[in-house]
Amino acid sequence: MKIHEYQANEIFKSFGIPVPDGKVATTPEQAEKIANELDGPLVVKAQVHAGGRGKAGGVKLVKTPEEAKDAASKILSMDIKGLIVNKVLVTKALDIKDEAYIGFIVDRRSKKPLVMVSASGGIDIEEVARETPEKIHRFIIDPLYGLFPHQASELAFKLYDDIKLVRKAADIILKLYKAFIAVDASLAEINPFVVTSDGETWTSDAKINIDDNALARHHDIEKMRDSTEAEKKELDAKSKGLSYIKLNGKIGCVVNGAGLAMATMDLIKKYGSEPANFLDIGGSSSPLKVVNALNILISDKNVKSIFFNIFGGITRCDDVANGIVEALSKLNIDLPIVIRLTGTNEEKAKEILSRTDLITVSSMAEGARKSIEIAGK
Amino acid sequence: MKIHEYQANEIFKSFGIPVPDGKVATTPEQAEKIANELDGPLVVKAQVHAGGRGKAGGVKLVKTPEEAKDAASKILSMDIKGLIVNKVLVTKALDIKDEAYIGFIVDRRSKKPLVMVSASGGIDIEEVARETPEKIHRFIIDPLYGLFPHQASELAFKLYDDIKLVRKAADIILKLYKAFIAVDASLAEINPFVVTSDGETWTSDAKINIDDNALARHHDIEKMRDSTEAEKKELDAKSKGLSYIKLNGKIGCVVNGAGLAMATMDLIKKYGSEPANFLDIGGSSSPLKVVNALNILISDKNVKSIFFNIFGGITRCDDVANGIVEALSKLNIDLPIVIRLTGTNEEKAKEILSRTDLITVSSMAEGARKSIEIAGK
Amino acid sequence: MSILIDESTKVLVQGITGRDGSFHTKKMLEYGTQIVSGVTPGKGGHKIEGVPVFDTVKEAVEKTGADTSILFVPAKFAVDALYEACDAGIKLIIAISEGIPVLDMVRIVAFLNDRGTSLIGPNSPGIISPGKSKVGILPGQIFKQGSIGVISRSGTLTYEVVHHITNAGLGESTCMGIGGDPIIGLKFIDCLELFKKDKETEGVVLVGEIGGTDEEESAAYIKERFTKPVVAFIAGLTAPPGKRMGHAGAIASRGTGTAAEKIRAFESAGIPVAGEPEDIVKLLKSV
Amino acid sequence: MSILIDESTKVLVQGITGRDGSFHTKKMLEYGTQIVSGVTPGKGGHKIEGVPVFDTVKEAVEKTGADTSILFVPAKFAVDALYEACDAGIKLIIAISEGIPVLDMVRIVAFLNDRGTSLIGPNSPGIISPGKSKVGILPGQIFKQGSIGVISRSGTLTYEVVHHITNAGLGESTCMGIGGDPIIGLKFIDCLELFKKDKETEGVVLVGEIGGTDEEESAAYIKERFTKPVVAFIAGLTAPPGKRMGHAGAIASRGTGTAAEKIRAFESAGIPVAGEPEDIVKLLKSV
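Chains as they are written, first to last, in the working numbering: chain A, 182 to 558; chain B, 182 to 558; chain C, -10 to 276; chain D, -10 to 276.
Derived from the structure by calculation, the hints contain no laboratory data.
Keep in mind that the hints are not guaranteed to be accurate.
Claimed, not checked - Residues on chain A that point at chain D, a partial pick, calculated with CB under 8 Å:
1. TYR326
2. PRO330
3. HIS331
4. SER334
5. PHE338
6. ASP393
Even glycine gets a Cβ: it sits at the ideal position worked out from N, Cα and C.
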């Protein structure tokens, strides 16, 4: 789960990581009020679950409350990578002397937490990683002992020469690791980690992603969830045991299993059309799940045909066929439906489906071609 | 550091371990008041840092507030193994059906935490351990992973057959381990762990010792310190860099190093007398330390002679001798003093001491004999 | 031969009295799997489908000699169930359970590694050596004993692939779903190492998907150290760009884990990649 | 020969700029110990007694080839200093530092064990192989190269014992104080194993004290597996009964750790126990 910068700031603060003063606003007036409370130059930053907001114009430096109001009103109407900005963070601007990078992630390869630091922090960090990978220092952490102070120091010595800054950075690296573990983060990142002209260190952009599987033990963080409209639909589907992501094609797909669902989408593309969605109905194809899945698909006006691709597996195909027939009887669907059912009792399933208007096919390739053909140009 | 049962109960409660309601009293009247608040049969228990209080009469079952007052007044005047009882815990009596034992300790041999359980809990647990060691179930814990729920269950299955009791006991074992680690205990023990007639489980006697080296990170627990008069003297000595324990003989000892101090005491005993104390003045024999050490010894009226046994070590013997002479010049001491100084510049030291009334010897055996001889019968 | 499991594998079912546990115990027994015991704390002494149930894995192992365990335990209890199996000396664990937090898996894999226990999953459909043993929820009837090893990160997509292999008359030596979570036990390379030594296996099909860099790593491994023919299939070319893991994700993996990148990695390692599941068999026969 | 340290031992001093660290660095150098570097974070680039100082142990090891480290770091920082030394590849650590919490030591010894690093201490006076190297705070002048190995839980009592051995003309091969804390690195048995293989060592003196059961365990070990003559001395016969560790202490150790019990254990294993330090030499000459 993604959380916003202002929420990550709250978590950082609770672990003693220094974050510039700031507050979140949902209207330009609020932004102006906050700017009045805070003193000196400020930054107004879009709070949106998308990267590259800076380059998209979602971050503005302002000097007066009026300017803050103005910037907020511009940013709050913004669309960044398809996401509407509903909140801005108004925060103190820093007198930046130096920008470093500090990031924690769970490394799939070593199967352990990985910390990365670079003296070349800032918005171009990915380019640094690509062009001059030697500037990124990585360290794999033994999860049984955690990060030791001397390891944090060794990393901090890669960032600064001044022992005072080394001590401050090592302290932040240790605290960030603590936070990373404590909140079950899959990512915790400070970029840039700033040194100001007066020699102080600050977190200028806090980023934390939380492991979805661990949310059950973090109710306080679960409450931070701020879903976009698209995500709300996905969450609603999830609550019904469905995994759904809307796309922009015209072939609706209903598949059991995520891998097979992706392969089905790929095939539709391969044969010249575009899938309307990713939709995994999971292990058992109960009539209720089929009803819910179809309800989602028919609400998408782009959909011109529906392709069921079900691999029987443990469940017998005739049971699945009966489930689909039962579900369809409850709905009034104009769209053509192509069904591919493979596995145990496949023939019986075909017989059941033959008594309906549904088009049955024997392979996913055939099903993909058929549903594209029916959908028309 | 030892803490009282009522203090251990507070820690237990904060970790969700069920403890019968109760409060601590320092007067019979307070005990009566607490008994009025609590309902039904109660127990009045001496709060004193000594084992075997039950056998000494320091635990009494009472039925009414009057009886509670009466019991408290008896116990509060009691001397248990040389310790005066200043506090009693008044707590609900349990309708005991079964008594088990649960204990955690750091095992020197495996260098890991060790948990022990026995279905035969109660005051005779040490006899059980001696006579029927197979009734004590031990499990060494991997400190990197902690105690796992299934391990706690396996131990709990050794205590009970009823799955409900197994689950409750396993839960308590896990919580006790958590508490053990969290407070840096060197010992955490429930004896007996009680099952009452209604099938509930309770901690009837909580015991926690804290690792002295870890107290610096447990200020809340440090505040629980309740020292006896003897311990206060020891603590006072400790604050001056001295390690002191009063004993009952007449030969006062001043030694550098704990091992050598014990060996010196043993030698005094071997040669027919008794040491008045254990006193380790540590690495450097500064004049101030010698003054403080002598001040402690002369306050003990049993002391008839004083034996300095100093092994020079890194510090030169002549420096140590000068320190002793300087210290003695500041005090007015009637007692005869025997000094043994060995190590670098031993001869120079002897020369310095020869200008004083002090008796110098060349070996600890000679010193022990001399100080006994001088002390007289 | 086959890898990891065969007719001599003695299986223990953790969570045997649950809905899925009991259902699949029946299915596995029907397939011929040697299930020797089950565990559900508090249900010791019962029987499920004729299989004796114990309170602890330790007891089950002592009394029935189980060497392999399959987990149907819900996520909340799965973490301890994994430790328990390893503690009791189980040498191979198949975790069907899903939803285990990543940082819990980090500690678990360290524990299992130290103690020499192998793990398939979590979130795995299981493993099957056709005609010998099935430890999982895979539909037994679509498999046929043969010479192709299959390793996959998916469930039903694996069945789709196997369906074609079986229909083509090739059959499978061993087929396993390693699970799609970020931190898993055996990975592609670990399974390839085993298939390398297995005489019965003549070729391997590797079914990957977007995310992570396991496919890229195995492509490099196959090029350098694997001698049998391999055919790959990657799902997710049309998948939405997905939930990016900040900068750190891209920096750490030195790549973005897209299907296109994975396909490129295989192709540049000389490993044919099937355009759709049906093509796998053609490619297998051609290499 | 000698055990653990000799003239080729390259020593690093952790906490070299502190009061004790710098004082004993001088003393060790005077004794002839090969001190190659020191570490104090933030003092990299300085020199103490001509010894170069580095910011991290890693750098000190890389640049000076140190293989052994001695710790003069205060308790609060000693825990991380131990991990740092091991992390950097140091193979023998001598911890003079005292006051480290027991549960921290539990984790540290597990870490060092896993990585093959030996630890003497904490709360140790150090180790000396007379005439070769001294890594510790022991007074060098009382030692003399010879044939007796000495292992002790004490500081000054060790000097007392060594004083008699040296004066009797026997001399010591290696002498070490293993520290009196509940959890320590090398224990009596570990040191005996080393002395067993050391040709220069002809006999061993073991100086024990009350508490724990290490003496009892080593008595059993010596009886069964140690071939060279051993003489023991135990301090604490007159020590007060001491702070009892509840029931658990007695149950766990199956004994109470008194001096009388320890003396009995040695005597029943056929190991002579000296009645006072002076007697050790007589006993050594008689066995």
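### HIS331(A) as an interface hint toward chain D, with CB separation required under 8 Å
With a minimum Cβ separation of about 4 Å from chain D (threshold 8 Å), the hint on HIS331(A) holds.
### Message
Min Cβ distance, ASP393(A) to chain D: is it shorter than 8 Å?
### Response
Not OK, violated: ASP393(A) not within 8 Å of chain D, min 31 Å.
#### Entry: Status of the TYR326(A) interface restraint (C-beta, 8 Å, chain D)
This interface hint holds because 6 Å falls under the 8 Å limit.
### Task
Closer than 8 Å between Cβ atoms is the bar; does PHE338(A) clear it against chain D? Give me holds or violated.
holds, 6 Å
### Query
Taking 8 Å as the limit, does the beta-carbon of PRO330(A) come near enough to a beta-carbon in chain D?
Holds: closest Cβ of chain D sits about 4 Å from PRO330(A), inside 8 Å.
### Query
Minimum Cβ distance from SER334(A) to chain D below 8 Å?
This hint holds: SER334(A) lies near chain D, its Cβ roughly 6 Å from the closest one there, short of 8 Å.
Consistency with the previously given hints fails for number 6 only.
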